[in-house]
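Asks: Protein chains in written order, with our numbering: chain L, 1 to 358; chain D, 1001 to 1358.
Take the hints with a grain of salt, since some may be wrong.
Computed cross-link-like contacts, BS3-like style, restricted to lysine-lysine with a CA-CA straight-line distance of at most 30 Å [what the hints assert, rightly or not]:
1) L:K151 - D:K1069
2) D:K1151 - L:K151
3) L:K221 - L:K204
4) L:K269 - D:K1274
These are computed hints drawn from the structure, not numbers from a lab.
There are 2 protein chains.
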Amino acid sequence: MRFGINFFPTVSPEEKSGAQFYDECLELTRRADELGYNSVKTVEHYFFAYGGYSPDPVTFLTAAAMVTKDLRLVTGAVIPAFSHPCKLAGKLAMLDNISHGRLDVGFARAFLPDEFAAFQTSMEESRDRFNEGIEACRRLWSETDVVFKGKFHQFGPVTMLPRPYQKPHPPIWVAATFTAESFEWAGRNGYNLMIVPYVSTREKVAELLKLYRDNYAQSGKEPGTEQIQMSYHCYIAEDGEAAQREGKLYFDDYTNKLLVAVSAWSRHKTDQYKGYEHLVEQIKRNTYEDALRDTKVFVGTPAQVAEQIAMVREWYGEVEPSLQINFGNMPHEAAQRSLELFAAEVMPKYGTRVAATV
Amino acid sequence: MRFGINFFPTVSPEEKSGAQFYDECLELTRRADELGYNSVKTVEHYFFAYGGYSPDPVTFLTAAAMVTKDLRLVTGAVIPAFSHPCKLAGKLAMLDNISHGRLDVGFARAFLPDEFAAFQTSMEESRDRFNEGIEACRRLWSETDVVFKGKFHQFGPVTMLPRPYQKPHPPIWVAATFTAESFEWAGRNGYNLMIVPYVSTREKVAELLKLYRDNYAQSGKEPGTEQIQMSYHCYIAEDGEAAQREGKLYFDDYTNKLLVAVSAWSRHKTDQYKGYEHLVEQIKRNTYEDALRDTKVFVGTPAQVAEQIAMVREWYGEVEPSLQINFGNMPHEAAQRSLELFAAEVMPKYGTRVAATV
């Protein structure tokens, strides 16, 4: 079983400078590589404490590439709606070369109304922009003299440089949350999948994953070669009660910042984002206590977390947990502790290579 | 006197992979930092052997930040016409933080018709997009709750994250070539200047620099605090005749690749780029022999190059030569040799700190 770490910044400038935040994340990344984790992932968001320290995941992942040897570098995700495909495909190909082929490219639609407003892009078009952006990148990476005639972008013939390191192109992943159509589409196209399970019930997640896998099996790719990353808040300490108590502080901090970022949804409703008009209510209902009870977070002693992982594998099959290791404005030392304890005491139970010593 | 290195890729995938090219550039960058160079710079271009390996200078410079301690990281330049300002300001602020304040941001208009065509942006608007892009970045970096009402972009109130490391923002540079208006504008706004002198006569360059400095002195900034970087092809060997002979190979290779990229100018003419309709002819007229004779390149023994630098300083005053150290499809070892010889035998004559030994 593979495990990754996942930086979803939830800090404000008043709490921590960008320089300190990136220094800490890069230190965790360097150490995760030594400890045998499989991947590091980061997100694309703007303006809010929720995600705002990561307006460009490629920039952070390029720094991460330089302090690691084996770790896969995962955009989780890039947003085609906010960049021209020639720019996006080009910089991702640079990172793929700089890292000697360690890039995994996750794409997403984005869902914060205020971001679409700033980029003067309609949310109504976001699925079409997402589909078109993936298609444009895929073609720019794998073909030469590309003539592209999309709804939003028309260009060519052009040959993107540099050519990607991985052939025909870096693995493509898509981010999906609620919508059955997204899971079906990802599978049908043979793309890998990244999901955030904690906003849905276990039954709903299992159903969506089945839909994805069934479609993947018919995509022409070998069934079982699909990869699925699932994001989980992770907080571990030797003292399980302390872990649960402290975890709540950072989970609630994270949730409060998320609520600020999504507050515009209380004023929006669109067929293109079915159910999002209830997002604010849904997040408020999702308490830390519920998340703990329903194993939607990995919190506790190493032994407790190992059991939580076992349960997730039983429910969802072979997936890669992507651990949000420094959610909320958590002290760096707490994130370091979770990272070390997970590697030393949880990973060996799942056949992951034994943690390196330093 | 300060000296920098400057990567203007001029290689095709048939000649060298992206991975090899970046590995070599990062090795030169790491060594330049040890040797006491001041800066590393790279460009934004697409699709052609001329520049195409650098579709996103921020990505390369982020990798460069991770292998250096003191080197200034210079975008030479980013193109506001091809990115949304919220994306551009955000990722530059990330790099400023990751590098702990070593970022210098050069902006340019771009000048290749095929790039504008791919980005579906009119060249007629390029000056307005350039001005607006700089203004938007400057405000996003230095103000909070920015409400921006430009000709091309309207957004806000938004607060860009992360906040830049350098306050109020990273130093702003502008790229200028022929046009008097550009030099005047850069000075009047108190921006630093980056120029490519080899397409103009010495007298013309001196005149444009005077225009810039006169305007800078009236910008409200302290006269003499302006910074000017000038790009020069650089090729050094102990054997001066070999240097001149081999330098021609790589210069001609560079020029031939440049001619492919600018070929669209033989079919264009616009008041917004006065004189560019003659660009192809002008580049063809500019032979290597002329460039050598007129000290528009630094080529020869270390002693000869030291004299060339003296001349440039006499003509133009205090400027920072930005050395194109691996122009054309030059072998890596040749670039390494130029880098080492320049540091060991030229820099000490100009008061630059003595090269570190390894």
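Asks: Could you run down the list of hints and mark each one as holding or not?
Replies: Hints, one by one, checked against the model:
1. L:K151 - D:K1069: violated, 45 Å
2. D:K1151 - L:K151: holds, 23 Å
3. L:K221 - L:K204: Roughly 25 Å between the alpha carbons, so the hint for K221 (chain L) and K204 (chain L) holds.
4. L:K269 - D:K1274: violated, 50 Å
Hints 1, 4, counting from the list given before, are not met by this structure.
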